[in-house]
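There are 2 protein chains.
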Amino acid sequence: MDYTHLFSSDTGSFFRSPVRDIFRRVDLNAIYSFAGGYPSADTFPLEDFRRLMSEVIDEVGAKAFQYGATQGVTELREVLSSRYGVPVERIQITSSSQQGIDVCTRVLVDPGDVILTSNPSYLGALQSFRSYRADVRGVGYGPDPDEFEAAYRMAADKAVSEGKRLKFIYSIPDFQNPSGETLPLEHRRRLVETARRYGMLIVEDSPYRELRYEGQDVPSIYSIAPDITLHLGSFSKIMAPGFRLGWIFAHPDLLDKIYVCKQSLDLCPPVFDQYVAARFVADGSLDRNLSKSIALYKGKRDVLLEMLEQTMPHDTDGEDIRWTHPEGGLFVFLKLPESFDSVKFYDVALDAGVAYVAGSFFHPDGSGRNTMRLNFSFMTEQRIREGIRLLSSLIRKELHL
Amino acid sequence: MDYTHLFSSDTGSFFRSPVRDIFRRVDLNAIYSFAGGYPSADTFPLEDFRRLMSEVIDEVGAKAFQYGATQGVTELREVLSSRYGVPVERIQITSSSQQGIDVCTRVLVDPGDVILTSNPSYLGALQSFRSYRADVRGVGYGPDPDEFEAAYRMAADKAVSEGKRLKFIYSIPDFQNPSGETLPLEHRRRLVETARRYGMLIVEDSPYRELRYEGQDVPSIYSIAPDITLHLGSFSKIMAPGFRLGWIFAHPDLLDKIYVCKQSLDLCPPVFDQYVAARFVADGSLDRNLSKSIALYKGKRDVLLEMLEQTMPHDTDGEDIRWTHPEGGLFVFLKLPESFDSVKFYDVALDAGVAYVAGSFFHPDGSGRNTMRLNFSFMTEQRIREGIRLLSSLIRKELHL
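These protein sequence lines map, in sequence, to chains B and U.
With the working numbering as the guide, the letters of the first sequence map in order to residues 1 to 401.
With the working numbering as the guide, the letters of the second sequence map in order to residues 1 to 401.
Pairwise CB distance ranges, derived in the manner of DEER restraints:
| # | chain 1 | residue 1 | chain 2 | residue 2 | range |
| --- | --- | --- | --- | --- | --- |
| 1 | B | Asn29 | U | Glu89 | 20 to 30 Å |
| 2 | B | Ala150 | U | Ala30 | 51 to 61 Å |
| 3 | B | Val348 | U | Asp58 | 37 to 47 Å |
| 4 | U | Phe15 | B | Leu185 | 35 to 45 Å |
| 5 | B | Arg396 | U | Pro252 | 38 to 48 Å |
| 6 | B | Lys164 | U | Leu399 | 52 to 62 Å |
| 7 | U | Glu55 | B | Pro337 | 49 to 59 Å |
| 8 | U | Phe15 | B | Met1 | 31 to 41 Å |
If you only want the chain U side, here are some residues facing chain B, beta carbon under 10 Å, derived:
| # | residue |
| --- | --- |
| 9 | Phe14 |
| 10 | Gly37 |
| 11 | Tyr38 |
| 12 | Phe49 |
| 13 | Ala62 |
| 14 | Gln98 |
| 15 | Asp110 |
| 16 | Asp113 |
| 17 | Phe129 |
| 18 | Met200 |
| 19 | Leu201 |
| 20 | Leu254 |
Just a sample of chain B residues kept apart from chain U, beta carbon distances all over 10 Å, derived:
| # | residue |
| --- | --- |
| 21 | Ile31 |
| 22 | Gly163 |
| 23 | Gln310 |
| 24 | Ser392 |
If you're looking for bench data, these hints aren't it; they were derived computationally from the structure.
For each residue, glycine too, the CB sits at the ideal point set by N, CA and C.
Work out the full structure, taking the sequences as your base and the hints as a guide.
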């Protein structure tokens with residue numbers, strides 16, 4: 001039977017995650033995988049989890065397995081409130097921060113409405129935005145704050161002149177996925193000014209914020225403009241992704257719509273997992289685990305950067321080959337000569353046993369075919385060394401170097 | 001700041017669950033609550049959970065806390081496949097069966113498309129359908145299969161004559177929520193015939209199917225017409241709702257769209273919880289727990305029916321007062337005289353310390369103000385006795401009996 005005529009119009013804009021489809025095709029442990037954004041399994045404190053789970057069964061009991069409140073379990077909202085200094089009534093727990101992105105889009109965007117993002121941006125967000133038929137516009141910019149603001153204003157003006165409705169700016173200000181870059185404070189202020197000027201909101205997606213390996217924290221966009229910012233957080237990178245828990249900080253008038261939406265989406269987040277997460281934060285396990293994760297990931301990042309420095313060509317035919325130097329997070333972004341096609345090259349690399357994500361998937365405007373995202377959290381240092389050596393040799397061959 | 005102009009058109013059709021809002025207002029343990037559809041906390045086998053969780057940590061290890069496959073963990077899909085005789089490739093795990101309803105609607109329904117439901121039907125489904133601006137039409141019918149089919153055909157013909165697109169029939173065939181009634185086999189066949197005649201699908205929502213206290217199982221609609229049925233199942237009533245796990249059985253061409261949609265919704269269901277659920281089914285804990293739950297709920301149902309028989313007036317002014325006699329599930333549906341307003345009466349009852357859900361909330365056409373849904377799974381037999389005695393006396397007073 002052909003079901004095509006039965007599908008909704010939104011389905012015409014669904015697109016598959018090439019990252020998730022890689023996971024369907026290959027066993028990540030059998031190859032050198034710089035694809036994905038998986039935290040290292042070594043950071044999961046299994047014995048802490050076992051102890052906290054047993055405690056929740058003893059102390060919370062059956063209530064931890066019953067239906068829970070749609071806004072999330074009070075204990076968890078309270079520990080997040082005191083950790084991040086945000087009032088409880090401004091906190092909604094989500095069943096993963098991907099759900100945070102999705103529910104914000106659902107509540108704010110009609111087909112054709114404009115979302116401004118950096119170019120490149122997070123693939124899962126682009127998937128969600130497009131699935132609601134948003135008009136996603138990637139904004140390219142350099143390091144200068146005036147140019148940065150001008151680029152966003154130009155994109156906004158263009159959308160307005162086309163009669164489009166502007167809804168929000170989507171930003172991953174800390175150790176961006178995929179670029180690894182951090183937005184300086186002045187840029188954050190300019191983003192807020194621009195949003196205010198055009199009556200837009202900002203969706204600040206910050207799953208890596210606490211994974212900083214050097215340098216100083218930059219104030220969150222939410223802390224600069226809590227009235228117009230929906231801040232998304234996640235337990236995936238600081239505890240474990242298997243719990244599927246995240247949060248939204250936002251003005252209560254915005255959260256109220258999200259709350260009603262979440263009722264019909266899935267009633268409430270996983271309840272037992274929330275109690276475990278609340279204790280993980282409250283008893284200091286989170287901070288202990290964070291220190292260990294930071295030490296581990298810093299080492300991996302350093303190895304990746306060192307190996308790129310040693311083995312990757314730095315230029316060819318007068319064109320630079322460059323990569324970012326992230327102060328935190330999970331990703332380094334590699335830029336190859338304009339003629340390099342990282343989508344086509346992907347099969348060559350995979351056949352040889354090394355995977356990455358082609359950069360063009362992250363670019364809303366389809367550019368960036370000469371870029372790739374390299375993850376450094378998943379593999380051991382030894383495997384990162386071997387993997388980069390292999391990848392560099394394949395790229396040299398491709399470039400006839 | 002006023003955010004109104006920023007909200008999507010869908011939000012205009014969001015409506016709050018009066019059931020979930022009751023839980024925000026009152027502590028369910030402090031009153032006689034026939035509201036909600038909560039399973040009894042006494043059915044949660046805490047020691048089984050503790051043991052299985054520890055086993056998963058020992059035997060699956062870190063993988064249980066990593067990101068998982070979007071379609072669900074293979075082990076869980078395999079145990080469901082062998083338990084229910086459905087091929088693995090036709091099984092999608094969902095983050096609750098409420099998500100199953102939501103994702104089916106998202107994938108199938110454009111604003112204005114028609115969904116036929118029984119009248120009354122499950123409130124959470126109505127919330128989800130309306131949130132996508134579906135045109136939901138409740139179909140009323142009697143016990144005769146010809147009349148039943150005629151009612152559905154009349155509703156479908158009417159929609160077609162209005163130029164509407166028919167998408168699916170939503171049915172809860174086993175111990176329906178809220179009515180408690182079970183659709184006989186002949187009615188299921190007629191539903192399938194009707195769906196085929198009009199090129200519609202059927203969404204079969206069956207969270208209570210295994211909670212049967214008397215009588216014989218009726219074949220699922222999915223087993224009669226697997227090519228046009230999306231069957232939704234849930235761990236909430238047979239294991240515990242706090243895990244937020246359910247499943248969809250459907251044709252792979254339908255599941256494929258659901259799979260891509262779920263990628264952007266929340267990437268994957270809770271991973272650790274899925275491993276626990278897989279073992280809960282595989283090692284026989286589920287069946288042991290089901291036997292205990294059935295014995296417990298049968299007792300509670302019997303007490304509720306007995307107390308209604310003893311204390312509730314059977315008629316007034318020549319009008320019958322009737323209630324359903326469910327063979328399973330969690331609910332009895334009470335029909336009072338036409339003039340009775342169960343929405344208005346709700347505050348009287350709550351002030352006196354007893355809660356129910358007004359029947360009109362379940363009726364897509366807004367009728368049924370003289371009905372109420374009574375849950376019997378949540379409270380102890382003793383509290384059911386006291387609660388029905390109180391409710392009956394309040395109703396008698398309201399009816400001047």
